[in-house]
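Colleague: Using the sequences provided together with the hints, build the complete structure.
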Amino acid sequence: MKNTSLLRIIAVSIIFSGCASGYKTLMPEQMSYLSGGAKDGISIDYKYGVLDKKYAKKEAKNFVKLVSVKLINQTDKDLVFGQNIKLRYSGGSEATLMNMDEVYRSLRQHPATYLWYLALTPLNLYVNKSESNSSGYSQSKTSTTPIGLILGPGIAGGNMIAASNANKKFRADLEMYNLIGRSIKKGETVYGLVGIRSGTYEALNATINP
31 MKNTSLLRII
41 AVSIIFSGCA
51 SGYKTLMPEQ
61 MSYLSGGAKD
71 GISIDYKYGV
81 LDKKYAKKEA
91 KNFVKLVSVK
101 LINQTDKDLV
111 FGQNIKLRYS
121 GGSEATLMNM
131 DEVYRSLRQH
141 PATYLWYLAL
151 TPLNLYVNKS
161 ESNSSGYSQS
171 KTSTTPIGLI
181 LGPGIAGGNM
191 IAASNANKKF
201 RADLEMYNLI
211 GRSIKKGETV
221 YGLVGIRSGT
231 YEALNATINP
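Take the sequence shown: its position 159, counting from 1, is numbered 189 in the working numbering, and each next residue is one higher.
Hints listed in this document are in silico derivations from the structure and should not be mistaken for laboratory results.
Straight-line distance between alpha carbons at most 25 Å, and here's what the computed SDA-like set of lysine to any residue pairs gives: (1) Lys-91 / Gly-79; (2) Lys-83 / Trp-146; (3) Lys-216 / Gln-60; (4) Lys-54 / Lys-87; (5) Lys-107 / Pro-240; (6) Lys-91 / Ser-123.
Modeller: Spelled out as structure tokens, the structure:
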């Protein structure tokens, strides 16, 4: 392997090291929303596309939408989201809600998939050097460096740690902002996240279930 192989190894390393995705903590209270209007005494604003990077790609692949929602209970009684309060599309059909465990399983990264980067472990770096002997003739010598011993485990471990840390932050957001089953007192404004089984971005509104 000639010196150009080093460039190939570096290029591969850069590509591989970008595989695991980070996660940006969600803050529903600070988001800009699209108004869904008020109906039956329930006002709703919502926002699609709150995830990015690998999580956003998995949304599209698995027909899942994680929606950030602002709800205002303008009625004279306490209501429970998912029971009294139903999420509907503008056409009238009810949105299929997902529990947060299901959302997490559908969108999380899988750290173990990065173990295959250990296949880089056997890689060696060969460097050819020309040296003059005592007779004045040039001789070629090759030095070998087992670069894969660092490259393989380093990339695999780095990606696994990054994916695991991102998943922990993602799960924490899902648990903190889960709206399903949450009681909303009369006059209260709440912010949260809702998982929907859907491959589209239809307009949303909220209604009260008698």
